[in-house]
Amino acid sequence: MTDTTLTRTPSRAKRGRGWRDSLAAYGFLAPWIIGMLAFTIGPVIASFFLSFTQYNLLQPPTWIGTKNYEMMLQDERLHHSIGVTFTYVAVAVPLQLIVALALAMLLDRGMRGMSFYRSAFYLPSMLGASVAIAVLWRQMFGADGLVNQVLAMFGVEGASWIASPDTALGTLILLHIWTFGSPLVIFLAGLRNIPRMYYEAAQVDGAGPLRRFGAITLPLLSPIIFFNLVLQIIGAFQTFTQAFVVSNGTGGPSDATLFFTLYLYQKGFPGFQMGYASAMAWLLLLIVAAVTALNFWISKWWVFYED
Amino acid sequence: MKRTARLSIALAGVTAVSLALAGCAGGSTPATEEGGDVTLRFAWWGSDARHTATQAAIDAFEEANPGITVEAEFGDWGGYWDRLATQTAGGNAPDVMQMSDAYLAEYAGRGVLLPLDDRAEIDFSGLDAGGVASGEVDGKLYALQAGANFPAVLANPALFEAAGIEMPDDSTWSWEDYVQVAADLTKAGVGAVGTDSIIGDPVTNAWLLQHGDSLFTADGKVGFDKDGLTGFFELVSELSTSGAAPAASVITEQMVLSPDQWGIATGKSAMGFAWSNLLTTIEGSLGSELDLLRMPTDSKESGLYLRGAMYYAISAGTKHPVESAKLIDFLLNDEAAADELLAERGLPLNTSIREYIADKVSDPEQRLIAFTVDNADALGTAPSVPAVGGGTYDQVIQRGISDVLFGTLSPKEASERVHTELSDLLTAAG
Chain C
0 MTDTTLTRTP
10 SRAKRGRGWR
20 DSLAAYGFLA
30 PWIIGMLAFT
40 IGPVIASFFL
50 SFTQYNLLQP
60 PTWIGTKNYE
70 MMLQDERLHH
80 SIGVTFTYVA
90 VAVPLQLIVA
100 LALAMLLDRG
110 MRGMSFYRSA
120 FYLPSMLGAS
130 VAIAVLWRQM
140 FGADGLVNQV
150 LAMFGVEGAS
160 WIASPDTALG
170 TLILLHIWTF
180 GSPLVIFLAG
190 LRNIPRMYYE
200 AAQVDGAGPL
210 RRFGAITLPL
220 LSPIIFFNLV
230 LQIIGAFQTF
240 TQAFVVSNGT
250 GGPSDATLFF
260 TLYLYQKGFP
270 GFQMGYASAM
280 AWLLLLIVAA
290 VTALNFWISK
300 WWVFYED
Chain X
0 MKRTARLSIA
10 LAGVTAVSLA
20 LAGCAGGSTP
30 ATEEGGDVTL
40 RFAWWGSDAR
50 HTATQAAIDA
60 FEEANPGITV
70 EAEFGDWGGY
80 WDRLATQTAG
90 GNAPDVMQMS
100 DAYLAEYAGR
110 GVLLPLDDRA
120 EIDFSGLDAG
130 GVASGEVDGK
140 LYALQAGANF
150 PAVLANPALF
160 EAAGIEMPDD
170 STWSWEDYVQ
180 VAADLTKAGV
190 GAVGTDSIIG
200 DPVTNAWLLQ
210 HGDSLFTADG
220 KVGFDKDGLT
230 GFFELVSELS
240 TSGAAPAASV
250 ITEQMVLSPD
260 QWGIATGKSA
270 MGFAWSNLLT
280 TIEGSLGSEL
290 DLLRMPTDSK
300 ESGLYLRGAM
310 YYAISAGTKH
320 PVESAKLIDF
330 LLNDEAAADE
340 LLAERGLPLN
350 TSIREYIADK
360 VSDPEQRLIA
370 FTVDNADALG
380 TAPSVPAVGG
390 GTYDQVIQRG
400 ISDVLFGTLS
410 PKEASERVHT
420 ELSDLLTAAG
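So the sequences go chain by chain: C and X. Quick note on numbering: the first sequence equals residues 0 to 306 in numbering that gives the first Met the number 0. Quick note on numbering: the second sequence equals residues 0 to 429 in numbering that gives the first Met the number 0.
The hints are simulated quantities; they were obtained by calculation from the structure and are not laboratory data. Here the structure is a predicted model, which means the values were calculated and not measured. One or more of the hints may lead you astray.
What the hints assert, rightly or not - Restricting the straight-line Cα-Cα distance to at most 30 Å, the calculated cross-link-like pairs of lysine-lysine (BS3-like) are:
| no. | chain 1 | residue 1 | chain 2 | residue 2 |
| --- | --- | --- | --- | --- |
| 1 | X | 267 | X | 186 |
| 2 | X | 318 | X | 139 |
| 3 | X | 225 | X | 411 |
| 4 | C | 66 | X | 220 |
| 5 | X | 299 | X | 225 |
| 6 | X | 225 | C | 66 |
Work out the full structure, taking the sequences as your base and the hints as a guide.
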């Protein structure tokens with residue numbers, strides 16, 4: 000909570016230079032500020048306005064008050080899509096973080112070829128949200144995909160994983176877990192910051208590996224875990240590409256992969272209900288904000304700050 | 000700490016919202032041309048073969064019309080509609096566009112297409128009157144068919160022979176026969192199932208026509224009652240439970256595959272349903288010839304009709320209506336265009352062009368044209384194009400099919416839900 004604004008009254012000459020400095024600063028910031036205003040703030044305001052209208056893209060929007068929001072209460076597919084999204088967040092995020100932490104601890108032992116492994120593990124994070132990987136996933140988990148070909152070698156005949164309502168969401172969760180690279184790198188940095196002497200002292204006192212993990216690693220790493228958790232939850236709520244590509248935009252089979260964002264897209268673009276889609280975007284904002292606030296509130300009980 | 004919290008909330012929101020808004024920004028008006036030279040933008044969706052053929056036709060048009068340049072914008076089906084809606088919202092729609100029957104009412108009904116009734120640049124004399132009428136919405140002509148096709152059953156004669164089953168007589172067969180033949184084929188154990196699944200279009204339309212209904216009425220309502228698709232979903236269920244069609248998950252997966260990966264195209268199914276213009280693609284993937292059969296029917300109605308799958312339309316906001324109409328006239332009526340386009344988009348709208356290309360087109364396309372001649376007496380009237388808001392009907396039906404196959408809905412419940420959802424879509428578009 001540091002305040003960077005100068006409170007002392009500077010001399011005239013200093014004030015002149017300060018003014019020039021900030022002008023230069025704003026000059027350098029201008030591309031970012033203009034981009035922010037034009038492509039983020041502007042659309043945000045526009046979507047807030049549009050959420051109170053009926054807007055089919057082809058004709059000017061007409062004001063309908065809060066009707067879109069009232070319609071959301073009745074929309075069973077919307078409620079279903081919230082359920083799918085929460086399931087995904089609640090399962091995929093913790094699993095991914097566990098995998099990331101486990102591998103980070105393995106890598107933290109300082110094995111040979113460490114930088115290679117770090118890059119190799121980070122690669123999926125760069126690719127995970129891409130169309131190419133989603134297409135690959137569709138091929139792998141399809142009826143004639145690689146997974147079933149391997150299973151066939153063991154005499155198991157698998158159905159289409161991406162087209163069965165029971166397993167479709169699972170394949171996408173697996174894809175999310177696979178992109179453990181970015182939390183892994185952050186965990187690694189966090190682990191490096193834990194002083195070795197704590198471990199040495201604990202070892203002298205006869206603490207086993209589990210005890211050392213529970214009493215030293217977890218508490219000292221908790222701010223990092225919290226940081227990863229918040230980022231990953233927010234990211235997971237916005238998952239779109241994978242579900243869009245794997246289900247070809249339908250959210251199928253039987254709406255098993257109908258993420259909130261995918262339903263929003265369906266309403267907005269193929270469905271020509273952009274006003275309703277805008278209202279949905281604001282609902283998502285509220286949900287993510289509420290979950291994040293809850294996250295911060297709970298963190299008081301488990302996140303440990305050293306200083 | 001608090002500041003971070005606020006920041007991350009703000010960030011999350013911003014990202015979520017910007018997602019919905021990617022397409023809402025205002026567009027710019029196209030620059031005006033100088034010295035009589037006109038540049039048109041022409042957009043379509045389709046395969047590489049279509050891009051090549053259409054580009055060649057455009058070249059021929061530019062040669063015949065000095066001073067007019069045509070810029071091509073093309074892509075795949077999904078991206079095409081997102082882009083077209085966005086461009087239209089931004090006042091930046093292409094001058095000439097390929098239009099689908101699924102969205103014709105949507106665009107025409109919203110006043111973003113130019114009426115074509117009185118355009119002197121277009122020669123209507125050679126055009127098939129019924130085909131022209133299919134481009135009308137609320138009594139006005141908004142689009143002209145780029146090509147017509149029809150719903151058909153494709154059958155693999157090699158698999159029939161291997162199974163020792165005779166090719167059925169398609170002028171008399173019922174849906175009962177179809178299920179029987181397909182189940183027998185599966186039982187014969189020739190490494191293929193009897194039939195690809197019914198995955199919505201084109202069977203739904205044909206099936207409803209056979210029962211005196213349609214998906215939508217001309218005045219923009221749902222064209223069947225709550226129970227109207229129960230029989231259709233029973234058929235879907237029967238094909239699956241009898242072993243005639245593959246497992247539920249395979250059928251559902253097929254809904255998101257491209258036609259060259261369907262069972263009929265990979266030799267894993269002995270029969271399948273398709274729009275006729277897919278024959279070339281499917282045979283190309285299979286590597287051998289398929290028989291074209293009529294849909295089975297339980298009534299006097301064959302369910303066979305010529306559908307304007309693709310149309311040409313002009314944006315209401317175009318600065319060059321005359322040149323745009325000239326381009327459409329050229330694409331429809333000129334032999335130089337026909338030389339390039341052939342029947343790639345389906346049966347041409349101009350009847351003399353149909354004859355002109357008859358011996359130029361590929362072998363599968365010749366058989367398609369022959370089929371329409373042989374079955375001319377069975378051809379019925381095409382159903383109305385989907386009403387405003389109904390463009391995504393196929394997804395609604397496909398979801399119903401999946402739920403019936405996975406046993407989460409009974410056929411009756413599925414019919415009711417499809418009816419309700421389609422009605423809701425039309426109401427929401429209101």
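To see whether the hints hold, each was checked on the structure:
no.: 1; hint: X/267 with X/186; in the structure: 14 Å, holds
no.: 2; hint: X/318 with X/139; in the structure: 21 Å, holds
no.: 3; hint: X/225 with X/411; in the structure: 9 Å, holds
no.: 4; hint: C/66 with X/220; in the structure: 23 Å, holds
no.: 5; hint: X/299 with X/225; in the structure: 23 Å, holds
no.: 6; hint: X/225 with C/66; in the structure: 27 Å, holds
The structure shown violates none of the earlier numbered hints.
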